[in-house]
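A.B. asks: The chain contents come next:
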Amino acid sequence: FRFKDSLAEDLRSADLVISHAGAGSCLEALEKGKPLVVVINEKLMNNHQLELAKQLHRDGHVICCNCSTLVETLQSMDLTALKPFPPGQPEKFALFLDKVVGFQ
Amino acid sequence: TGGHTTEILRLLSCLSESYSPRHYVFADSDKMSEAKICSFEQKRAETFPNSQFTLDRIPRSREVRQSWTSSVVTTLYSMLYSLPLTYKLKPDLILCNGPGTCVPVCISALLLGLLGIKRTIIVYVESICRVETLSLSGKILYYFSDYFIVQWPDLKEKYPKSVFLGRIV
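Line order of the protein sequences matches chains P and Y.
Residue numbers for the first sequence follow the numbering used here, so the first one is 328 and each next one is one higher.
Residue numbers for the second sequence follow the numbering used here, so the first one is -9 and each next one is one higher.
Calculated directly from the structure, the hints in this document are not laboratory data.
Honestly, I wouldn't trust all of these hints.
Stated by the list, open to error - Dumping the calculated SDA-like pairs for lysine to any residue here, alpha-carbon to alpha-carbon at most 20 Å: (1) P:Lys419 <-> Y:Lys21; (2) Y:Lys148 <-> P:His375; (3) P:Lys331 <-> Y:Ala25; (4) P:Lys331 <-> Y:Lys21; (5) P:Lys426 <-> P:Ser403; (6) Y:Lys146 <-> P:Val427.
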């Protein structure tokens, strides 16, 4: 398919997600608790999108590879080593903002 | 646009109903944000039936990777719209998270503040995608916002005046 409004359904039924390094794609998959392999496009090396993918990889939440190493990565990867990705905490932001604005 | 809208709606998700009415300002070229916002607000109205919000569009101030000089021109053009809009809305608080659209709106609010017309608190939350470097909007608004929030510790080190609350989206 080309574009869907939402990948939520597909993500729900997937056992493994292979994605580009876009933040939205990565975060959506991680939040649904799916093992994620991020494929980095070297031609976009100066794209800041890499920052998040690299950090997620450093923190052990995703497996990274590039287009040419994808096949061997899929064959040799250990998904059990991936660490779960805890959700963000907008409550902390709400508390902070309440103080800033004076609602207590 | 896209990711920015998703992030800002998450930031709004835990705010109390004191943050009302909510005025959403986004780029005229943005086709998807309106649907996301309406869906968020509809859900919110289930818990807070007297919820109020408005939608406003201004010209997009900068395309991805647009050059510096032409960006200044397009941002000034967007200000022709953002200035009267900000004057009309006179917000107490501006919450923004990085799309080019936020720069003309914030500059407008700053101008209105300098002219003694309305003092607005500007809170900027840098995107979760930004781990090591700030976006262009972030680099500008780091100096002009009242509170500048980053979501990764590297940025807190590099930009000491920022606030670090951890991941909030």
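A.B. asks: Please list, smallest to largest, the hint numbers that this structure does not respect.
C.D. replies: Hints 1 and 5 not satisfied by this model.
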